[in-house]
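Peer 1: One-letter residues, chain by chain:
Protein chains: 2
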Amino acid sequence: MDVNAYLADLRHEVEAALARLLPPADERPARLHAAMRYSLLAGGKRLRPVLCLASAEAVGGTRAAALLPAIALECLHTYTLIHDDLPAMDDDDLRRGQPTCHKKFDEATAILAGDALLTFAFELLARATPAAQLAQELAQAAGSRGVVGGQAEDLAAEGRAPDAQWLDYIHTHKTGALIRAACRMGALAGGANAAQLAALTSYAGEIGLAFQVADDVLNVTSTPEQLGKATGSDAARKKLTYVALFGLDEARARARTLADEAIAALAPLGARAEPLAALARFTVERSS
Amino acid sequence: MDVNAYLADLRHEVEAALARLLPPADERPARLHAAMRYSLLAGGKRLRPVLCLASAEAVGGTRAAALLPAIALECLHTYTLIHDDLPAMDDDDLRRGQPTCHKKFDEATAILAGDALLTFAFELLARATPAAQLAQELAQAAGSRGVVGGQAEDLAAEGRAPDAQWLDYIHTHKTGALIRAACRMGALAGGANAAQLAALTSYAGEIGLAFQVADDVLNVTSTPEQLGKATGSDAARKKLTYVALFGLDEARARARTLADEAIAALAPLGARAEPLAALARFTVERSS
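The listed protein sequences correspond, in order, to chains A and B.
Counting in my numbering, the first sequence runs from 16 upward without gaps.
Counting in my numbering, the second sequence runs from 16 upward without gaps.
Incorrect hints may appear among the rest.
Distance windows between CB atoms, simulated [said to hold, decoys possible]:
| no. | chain 1 | residue 1 | chain 2 | residue 2 | range |
| --- | --- | --- | --- | --- | --- |
| 1 | B | D108 | A | D108 | 23 to 33 angstroms |
| 2 | B | D183 | A | R271 | 55 to 65 angstroms |
| 3 | B | R301 | A | G75 | 52 to 62 angstroms |
With a Cα cut of at most 20 angstroms, we get these calculated SDA-like pairs of lysine to any residue [stated by the list, open to error]:
| no. | chain 1 | residue 1 | chain 2 | residue 2 |
| --- | --- | --- | --- | --- |
| 4 | B | K119 | A | M104 |
| 5 | B | K119 | B | T187 |
| 6 | A | K119 | B | M104 |
Hints are computed from structural coordinates only; laboratory data are not their basis.
No experiment lies behind these values; they were computed from the predicted model shown.
Where is the CB? At the ideal position from N, CA and C, for every residue including glycine.
Work out the full structure, taking the sequences as your base and the hints as a guide.
Peer 2: Put into structure tokens, the structure is as follows:
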């Protein structure tokens with residue numbers, strides 16, 4: 016199996032579906048729809064939708080069954096980026112190498128574009144199977160006990176003394192919850208049995224944390240050109256990060272260990288989970 | 016049937032369910048949960064959840080079947096208020112007689128509290144029956160082709176020359192869509208047949224517009240004390256309103272006609288729709 020070709024193929028399918036499913040930029044309210052498409056089609060790793068599609072196939076399902084959940088995940092993820100970048104939150108000007116949504120359009124449009132993408136995610140899920148279960152997974156992952164809660168605590172923690180337990184809360188919620196949902200939603204859409212769902216849930220927990228640790232490392236070691244967004248910003252804001260807590264070398268080692276554990280968790284799924292193993296390695300070896 | 020006692024009873028049930036279902040204010044992230052509860056439990060007419068419950072009973076269903084959709088509607092409505100009040104949008108300091116969410120807490124918390132309430136609405140719907148259909152109704156009503164689209168065009172229209180078609184787009188989307196969803200979701204949860212659903216859809220279309228026309232009138236004729244928020248603000252911002260377009264007397268007459276038409280649409284539902292008829296009258300006769 017050519018894992019890289021397989022993953023490229025999934026990403027291609029995601030890009031095409033995004034462009035097709037989003038409201039057209041000339042449909043009223045045109046500025047809002049343009050802003051939604053701008054942020055959603057600006058590139059990105061598409062990690063969550065690819066995880067979702069690969070998880071569906073890893074349990075013996077079809078990627079077609081997981082397409083709507085996959086696109087819903089990317090819409091939801093993009094809304095979190097748009098809102099996190101707002102002046103009242105992280106106040107970032109650059110994202111994926113492009114001006115952030117409120118810089119390109121304006122603040123009101125960026126707030127509304129985020130709101131609309133969040134809502135659109137649930138509209139897509141309502142058309143998927145099993146709709147109720149998928150919507151429940153996403154809502155729990157995304158709400159005040161998930162991504163939004165993580166961002167709230169991340170803001171609350173700025174400038175405070177680092178504390179490992181608090182940091183874990185922030186990252187399992189801010190980043191981990193949606194990665195977990197990506198794998199579980201793909202598994203559900205692919206008709207996973209309980210053992211398969213449990214394996215993917217473990218895998219997702221490990222890579223979610225690995226991804227965040229790697230992010231903290233990149234914030235220190237990368238250039239803005241490589242990353243497509245500002246670097247060094249965590250230290251400037253005295254943000255609680257794994258690098259601040261453990262040092263750079265220890266953080267790097269921890270990311271690799273987490274990736275290994277993620278791959279081990281895939282054992283019950285056999286060869287069909289190879290692309291997911293490759294993604295685990297990718298989350299810690301990436302340069303952007 | 017004592018319609019007023021019935022409606023008071025429904026409102027009481029909504030208040031109790033809101034307090035019970037929302038995450039507790041001392042659960043982490045505590046500031047976020049406190050903000051969600053602050054905005055949601057600050058009072059209000061509870062028009063949408065009451066419409067939802069009354070619609071369920073008007074088609075012969077139970078209010079218990081419509082309780083989760085009803086609470087979801089109020090969560091969603093409250094999120095739109097929190098975001099609309101933000102400095103980047105309508106920049107309002109007062110809502111329901113209390114400081115707006117970003118005034119009481121801060122801007123970042125208000126953005127996140129809105130995001131979390133929007134997400135929570137879909138979490139509640141995922142637990143309701145028929146989940147997929149209810150989620151689809153709400154998502155379509157709330158997204159870029161619904162409430163968010165209406166708010167986007169409302170902002171775009173500020174300071175421009177009034178135009179009746181544009182105004183209709185704004186109001187059918189910004190206010191009308193969610194009132195329509197309230198009635199249709201209640202009907203769906205109550206097991207409506209096609210004729211009952213059609214009757215409630217017509218009714219909702221008329222009262223949605225009546226509600227907005229009455230709102231425009233109140234913005235001119237009320238005091239801030241009566242309304243619990245700033246008045247005269249539409250004229251100050253040169254907002255496109257029915258009063259600006261038709262004049263005060265004609266706008267009042269139009270609201271009454273719409274209420275009459277709404278009540279006429281209820282005919283197929285018989286006596287069970289009496290509370291909905293009373294609500295139609297209330298939407299145009301209210302003083303706040």
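Peer 1: For every hint, state whether the structure bears it out.
Peer 2: A quick look at each hint next to the structure:
Checked against the given bound of 23 to 33 angstroms, the beta carbons of D108 of chain B and D108 of chain A, roughly 28 angstroms apart, stay inside it. In this structure, D183 of chain B and R271 of chain A meet the distance hint of 55 to 65 angstroms, their C-beta atoms being roughly 59 angstroms apart. Distance hint check: the CB atoms of R301 of chain B and G75 of chain A are about 58 angstroms apart, consistent with the given range 52 to 62 angstroms. Pair hint K119 of chain B plus M104 of chain A holds up; C-alpha atoms about 17 angstroms apart against a cutoff of 20 angstroms.
Distance check on the hinted pair: K119 of chain B and T187 of chain B sit about 31 angstroms apart at the alpha-carbon level, beyond 20 angstroms; violated. Using a Cα cut-off of 20 angstroms, the hinted pair K119 of chain A and M104 of chain B holds, with the two alpha carbons roughly 17 angstroms apart.
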